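A.B. asks: Fit chain B to the known structure of chain A by using the hints.
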Amino acid sequence: MLLQQIINGIVVGSVYSLTAMGATLVYSILRILDISNAGAYALGAYIGLFSYIATSNLLLSFFIGMLAMGIWGILVQKFLYLPLLGKSPLISLITSIGLFIFLGDFIRLWAGPQMKAFPSDLKLPFSGIKTENLTIVGAWLLVLLITAVLLFTLWYLITKTKIGLAWRATAQDLEIAKAMGINVNVVVAFNFFLGYSFAASAGIMIGILYNYVSPTMGEVPAYKMLAIIVLGGLGNPVGAVVAAMLIGLIETLIGGYIGFFLPRDSIAFIAVILILLIKPQGLFVRKNISS
Amino acid sequence: MYEVVVAINVGIFIILALSVNIITGYVGQPTLGHAAFFGIGAYASAILTGRYGVPFLLALPLSSLISGFIGTLLGLASLRVRDDFLAITTIGINFVVVAIFQYVPYFGASFGLSVCPAYIFGIKMNYIGYLYLTIFLILLIIFFLKKLERSWFGLAMGGIRNDEGAAASIGIDIKKYKIIAFILGTAIAGIAGCIYAHYMTFISSVDFAFLTSITILSMAMVGGSGTIRGPIIGAIFLGLAPEVFRFAMEYRMLIYGALLVLTMRFQPEGLLGERSYLWMTIKKLFRETKDIKEIESGAKDGNS
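From first to last, the protein sequence lines are chains A and B. For the first sequence, the working numbering begins at 1 and goes up steadily by one. For the second sequence, the working numbering begins at 292 and goes up steadily by one.
Only chain A is shown next, with the shape it has when bound in the complex:
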């Protein structure tokens, strides 16, 4: 039973970590709390669903959803966030909330307000594992595998490649990186491409896991991902993964064992408020805080 709950928690946590990774990447470079990332999460889920209905190829629809949202991310940073750089962070926050409201309503008008589900004969690459007291559904395995692949790709890109080096330099100090001859515009665009496509993959995964997508599906992740990036020390990708797993586990364990008079989604925030009051810089402080 405990093992089952822990596995549930890890599955939930890995979806959270992908959801939060998009916003974490954006924060690490531009120091913007990017709520509209959750809009890309919902829109990506819809694009994934529609391309699955059209092609009935799951991997291809993941790819289409991620690509489309990645390009959307590049457009968003170019036309909205870069011009607002250097203004008060509240201004870009309100902009991103406006964009989030816009996207949610756009989805409602485009695809209709009702929930939609993936076809019931969804072809998953794995069947599940089922023993006497442990059930792991095929969809869970898929989620774990895709999360692992994407996070590994991200880790490889950031630590082993040249653009990763440029990314790390820009995350430390955008101005100095620019002065050192790094093409910051390319780095920021690359960063948004990754961030938004990660959000899309998380949206598609949630769509498969809970078997529905809806125009409002981005609302809870929008706030929860903020909680996660804060706990992870704002813009620290490794911290965000750990924080996401932690919140996934706390939610499932408290929900499953102790039972709590408040709903599951508020547990994450109570944890965040308590942790922030004790450690005001989050759990995983970046070593290279420039300001």
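Simulated from the structure, these hints should not be mistaken for lab results. From a predicted model like this one, the values you see are computed outputs, not experimental measurements. Some hints here could point you the wrong way.
Simulated restraints on C-beta separations [said to hold, decoys possible]:
hint, chain 1, residue 1, chain 2, residue 2, range
1, A, 210, B, 534, 31 to 39 Å
2, A, 180, B, 542, 42 to 50 Å
3, A, 54, B, 294, 44 to 52 Å
4, A, 83, B, 538, 27 to 35 Å
5, A, 2, B, 459, 46 to 54 Å
6, B, 446, A, 7, 57 to 65 Å
Just so you know, even glycine gets a beta-carbon here, dropped at the ideal spot from N, CA and C.
C.D. replies: Just chain B, lined up with the frame of chain A:
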């Protein structure tokens, strides 16, 4: 009647936008959970008048006090948790407060609370009465804020907003002013909540959710935070937008989102902020007419 209802709604949002402006505009502290205090005021007044028979005129200041008291706790937290971390903490507080309203039976849980009508000196308040009360309170708050802006207190708060470190170095007690700003802002939000509860006669947790906080903050920011005219204009502009676009009912939220994005993108100071295009134009117009008058009078003097 319809116009009166819209006017009361806009009036309540003007009070809210002015109150959040004390915290974000004057002292520069991000707060994304202001609706929580709006809700605390509303629930406090509903429970005080409904269960304990407190008269409305006494419940109004009391609910403001309760809201301000909880706001003090947030103010204390703001000394420790800063900037983006503070923004997230306030979002969290909003969620927790709404969850408590929604799940604790004392607050009516998911059924909400019905609020008994308000009596002032034995006369039952009608919509017109609420409109007058709201306008009276707005004028009172504006008068108070004008006084505040011109006082040492206002200058100190501006100093903290511009540069906390510099303000501290010239001996401004940052902690004190920050906490006072939080108390004032949340207490005024409590007043708005009290009026809202009695005028709606029914409240539920949804009315005070995160989206409401965003609406309030957007009003202050879109109008131009840090000024008094800004939040008022912002509340009127965004408060009337849903009514004006009623013909485009289907697209209301789409238009609302687009309005937020476009205003912030092209006019980050807010529509009537200190250096906004509109405000500069207005100032210029007045200055030009003044200049022309001066030149004319000067020319007359020269001729005579």
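A.B. asks: So which hints don't hold here, by number, going up?
C.D. replies: none
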